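A.B. asks: One-letter residues, chain by chain:
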Amino acid sequence: MRSSYRDRLLKTLLLLLLAAFALFPLLWMLSVSLMAPGEASRFPPPLLPDKPGLSAYRALFETTGISRYFVNSLIVSVIGTALSLAFNATAGYAFAKLRFRGRDRIFQLLLAALVIPAQVTMLPLFLMLKEIGLINTFAGVLVPVTASIFGIFLVRQYALSIPDELLEAARVDGASEGRIFLQIVVPVLTPILITLGLFTFLGVWNDFMWPLIILTDQNLYTLPVALAALSREHVQDNELMMAGSVLTVLPVLLLFLVLQRYYLQGLLAGSVKG
Amino acid sequence: MNRGSRAGWMFAGPALTLLGLFFFVPVALAFVLSLTDFDLYALADLNDLRFVGADNYGELLQAPLFWKALGNTFYFVLVGVPLSIALSLGAAMLLNGAIGRLVGVFRTALFAPVVTTLVAVAVIWRYLLHTRYGLINYALDGLGIDPVDWLGDPNWSMPAIILFAVWKNFGYNMVILLAGLQTIPGDLYEAARIDGANGWQRFIHVTLPALGPMLLLVSILTMAGYFQLFSEPYVMTQGGPVESTVSVLYFMYEQGFKWWNLGFASAVAFVLFVIMFAITAVQYKLAQARGVA
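Residue numbers (our numbering), protein chains in the order written: chain A, 9 to 282; chain B, -10 to 282.
Quick caveat, the hints were computed from the structure, so don't treat them as lab data.
Being a predicted model, the structure only gives us computed values, none of them experimental.
Misleading hints may appear alongside valid ones.
[To be verified] Cut-off 27 Å, straight-line C-alpha distance, at most; resulting in silico cross-link-like pairs (DSSO-like, lysine-lysine):
(1) B:Lys247 <-> B:Lys57
(2) B:Lys57 <-> B:Lys157
(3) B:Lys247 <-> A:Lys19
(4) A:Lys138 <-> B:Lys247
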């Protein structure tokens, strides 16, 4: 499409404006987190710290036990990602490439079940986990995220492109199904597995409602649950809260920046075909 | 069982077992639960549990706070979804016209809020929206507008949460719609231009029809997400002021996990599900009738 110089300039200006809208709250969070105690509670609100310093971070680590919450978040996110990869990669491959009785009907059922919001399951799931003693455990946090219909779907769509001849040749050579999966299928699936891993990690890291329900012991809080609780206690302490937000947001933002390509591919694969 | 079938079940079995146990069984149980008076007493001793038929649903329909929550949720969905999609589409069209290398940089910048942790950015926005020393009121002051008590005035609390949600989410649909825009052949625009169509007419007659199916998909997904409003009011307003931001899920959470009326709360969850399902189905049918799906 041809467009005039002025037209393009206007569009770029609008994009700059939009980018400022998207990024300003994040940049301001960073700026306030570097201010001295009380500096942000002035009028007019300062845009940049007088003397940038780490006092808010020091207070955060010394008084709120944030390092424990950070480690908790890291543990559930890493284990959740590993489990999700193991369960969904195998199932996604099976639905794409292995023939078993009832396969297509089960897959239809799974797709139909995508319309059911997870919140419907929360109350009974809570009671079930209470019966088996998983309330207040990381296992309880991870139960609903390990196997996911979306994850199976994502892997299946990608695995469909694996040529059957490749798998048949390996079978003729006497390779076991497990070996075929590990040595032939996993290498081909690697890009989509990175996508799935990234989605799961971000999902578990950012998740709020379920951990809020299942974790009642403060020592087990993940960052979002801890941050919500802190924000009710420290309503006035803006520098501290912004430092806590930076600590929560930064890991996922960095991860996204590094693996952006995989994230966007997954986003398109998951919705365009959905 | 032959080898293929055995292998298939071996690979799919673990995930299907987990989904069965921790998704499909709870869905069925949720319905059963909604027909009982499961409460704090039943939580302590299951002998106190009684089947009450549809009583919870009857009670629900007479609870003023449920209707309030439903109204608030519809407010959030009916205003928030069109605003989000409009901004997503606008941003996607701007990106589509931008020059090569800039596209990637801008796309990353505009997408960044999507991957951030909702609770953390809600804390930022609560501060931005602060009546006394929030930057938003400061900016309005510069324009000669009196300070607004964003999160403390029941008339402004929901608009404030919508503004936050639009900021947080527009990048997601933007990426999907940008992919859609890139598949529209430039010839179509060229032909429209030769026929004398101006920018707005090209948008109405070329862009919108070509994006039809994708816009439908995006609006269904966005609606489903927005009906599940919970964390924003939990962090920013705690449902207030005067219950102006209590959503259906917030109501369910309080009934279920604060007051332990699990039977009643299950009925709330089910009603929300039925409403979401019905609206999705209607949207789909309408779209089918107009030939975009």
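A.B. asks: Taking the hints in turn, state whether each one holds.
C.D. replies: Each hint tested on the structure:
Of the supplied pair hints, the one linking Lys247 of chain B and Lys57 of chain B holds, its CA atoms being roughly 19 Å apart against a limit of 27 Å. With a C-alpha separation of about 25 Å, the suggested pairing of Lys57 of chain B with Lys157 of chain B holds against the 27 Å cut-off. For the hint pairing Lys247 of chain B with Lys19 of chain A, the CA-to-CA distance comes to about 50 Å; that exceeds 27 Å, so the pair is violated. Our distance criterion of 27 Å between C-alpha atoms is met by Lys138 of chain A and Lys247 of chain B, whose separation comes to about 16 Å.
Comparing the model with each numbered hint stated earlier shows that hint 3 is the single one that does not hold.
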